[in-house]
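Those sequence lines, one after another, are chains A and B.
Once you know that position 92 of the first sequence is 250 in my numbering, the rest is easy, because the numbers rise by one and skip nothing.
Once you know that position 57 of the second sequence is 140 in my numbering, the rest is easy, because the numbers rise by one and skip nothing.
Source of the hints: derived by calculation from the structure; they are not laboratory data.
Hints should not be assumed to be uniformly reliable.
If we take Cβ atoms under 8 Å as the criterion, some of the chain A residues that face chain B in the derived model are [unchecked claim]:
hint	residue
1	226
2	238
3	268
4	271
5	281
6	350
Glycine included, each C-beta is placed from N, C-alpha and C at the ideal position.
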Amino acid sequence: MIKFIEPLLIEYSLITAFALIGLLVWISYILSGRLTRGRVHGSAVAILLGLGLAYAGGLVTEGKKGLADIPAFAGVGLMGGAMLRDFAIVATAMGVHLGELRKTGSVGVLSLFTGILVSFIMGGCVAWAFGFRDAVSITTLGAGAATFIVGPVTGTALGASSEVIALSIAAGLVKSILVMIGTPWVARSIGLNNPRTALIFGGLMGTTSGVAGGLAATDPKLVPYGAMTATFYTGLGCLLGPSVMYFLIRSIV
Amino acid sequence: MAIYGTALLSFCLLAGLLAGKLLGWMLGMDGNIGGVGIAMLLLVLLTDRLKRDGALPEPSEQGILFWSSIYIPVIVAMAASQNVRAAIHGGPAAILAGLLATLACCALVPVYARIGRSQDDDSPLP
Numbered sequence: 159m160i161k162f163i164e165p166l167l168i169e170y171s172l173i174t175a176f177a178l179i180g181l182l183v184w185i186s187y188i189l190s191g192r193l194t195r196g197r198v199h200g201s202a203v204a205i206l207l208g209l210g211l212a213y214a215g216g217l218v219t220e221g222k223k224g225l226a227d228i229p230a231f232a233g234v235g236l237m238g239g240a241m242l243r244d245f246a247i248v249a250t251a252m253g254v255h256l257g258e259l260r261k262t263g264s265v266g267v268l269s270l271f272t273g274i275l276v277s278f279i280m281g282g283c284v285a286w287a288f289g290f291r292d293a294v295s296i297t298t299l300g301a302g303a304a305t306f307i308v309g310p311v312t313g314t315a316l317g318a319s320s321e322v323i324a325l326s327i328a329a330g331l332v333k334s335i336l337v338m339i340g341t342p343w344v345a346r347s348i349g350l351n352n353p354r355t356a357l358i359f360g361g362l363m364g365t366t367s368g369v370a371g372g373l374a375a376t377d378p379k380l381v382p383y384g385a386m387t388a389t390f391y392t393g394l395g396c397l398l399g400p401s402v403m404y405f406l407i408r409s410i411v
Numbered sequence: 084m085a086i087y088g089t090a091l092l093s094f095c096l097l098a099g100l101l102a103g104k105l106l107g108w109m110l111g112m113d114g115n116i117g118g119v120g121i122a123m124l125l126l127v128l129l130t131d132r133l134k135r136d137g138a139l140p141e142p143s144e145q146g147i148l149f150w151s152s153i154y155i156p157v158i159v160a161m162a163a164s165q166n167v168r169a170a171i172h173g174g175p176a177a178i179l180a181g182l183l184a185t186l187a188c189c190a191l192v193p194v195y196a197r198i199g200r201s202q203d204d205d206s207p208l209p
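The whole structure should be built from the sequences, with the hints applied where relevant.
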């Protein structure tokens, strides 16, 4: 039986990836509901499981592309590759309304730039502390401290190594999970109970899944406000990461 | 038709990537500078204009929204094809970077909420 299945999975690799990732996401949402009562968002669990599978794939094949190094799962590499990834990320910009952004005012824009700058500085300092000395790696880890999307987009653009890119995703993931779990706990002390603060919160934190999950656990009515600025954070981060931030960090290093 | 939306999305991504490449070339860098970000801004501006003109009917919009909704699974696939085995060695770095960035940005929320605040802006949701 396996003799027939494997060639089929290899020939229709992208379809195999859709089925596999769909299954993974389904399991993740069940785990999220059962084990954490939805406190850790299903998408965060799915990404964690994905990283876990990548680790397993790396152990089995000793390759550099995680699960995608196993021939039957090569389509995962295509599905998660630069082409489809960038395509899907750009599509999320559809959730943003220009008029609502204008209403956010200058504080919202200011929070976006500050959130990105502070994250890059924090991530960059940690990279330096852990012995990274090249501007590309420091910028990529700084980008990862922004979000787990800005990290790989910046890393790919600058030609960072796969290990550093994986590290930047892990950093972004840590941030995303922390925001998801921590938001309801700190909401009261940072005054997170109105649309304006939610917009600023989204702009400063940036991680869309983290902000959406965290705000949903705090007050579902705040989600669209925080998610809107967070959506811009990713775009702005992708824009500034491989350009302004890279030049800034290169001039310091 | 859905393909109109998907085609528009594709056009935005290609144009953004091209602009990013040109920007990189102008700055003497062999790489793409913010192509994805430029594409996102382009999509927001174009769809906003088209919607105002009534030139973006629901089915066309669905051609974009599908890809927007598939973004988390794509990120899951991306995570599953990374070199995690090598990254495990740098574990504490990732945790520390994520933790410090979260704490620092979180502490800034009340500071920014105070800037330019007016009374009716800050009323809690009913």
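Tested hints:
1. Given hint, residue 226/A at the interface with chain B, holds; its Cβ is 4 Å from that chain's nearest Cβ, closer than 8 Å.
2. For residue 238/A, the suggested interface contact is upheld, since its CB lies about 3 Å from the closest CB of chain B, less than 8 Å.
3. Hint on residue 268/A holds. Least Cβ distance to chain B is approximately 7 Å, under the 8 Å limit.
4. At a threshold of 8 Å, the smallest CB-CB gap from residue 271/A to chain B is about 11 Å, leaving the interface hint violated.
5. The interface hint given for residue 281/A is met, as the beta carbon of that residue sits about 4 Å from the closest beta carbon of chain B, less than 8 Å.
6. Annotation: residue 350/A was flagged as interfacial toward chain B, and the flag holds, the nearest CB pair being 7 Å apart, inside 8 Å.
Hint 4 alone, counting from the list given before, is not met by this structure.
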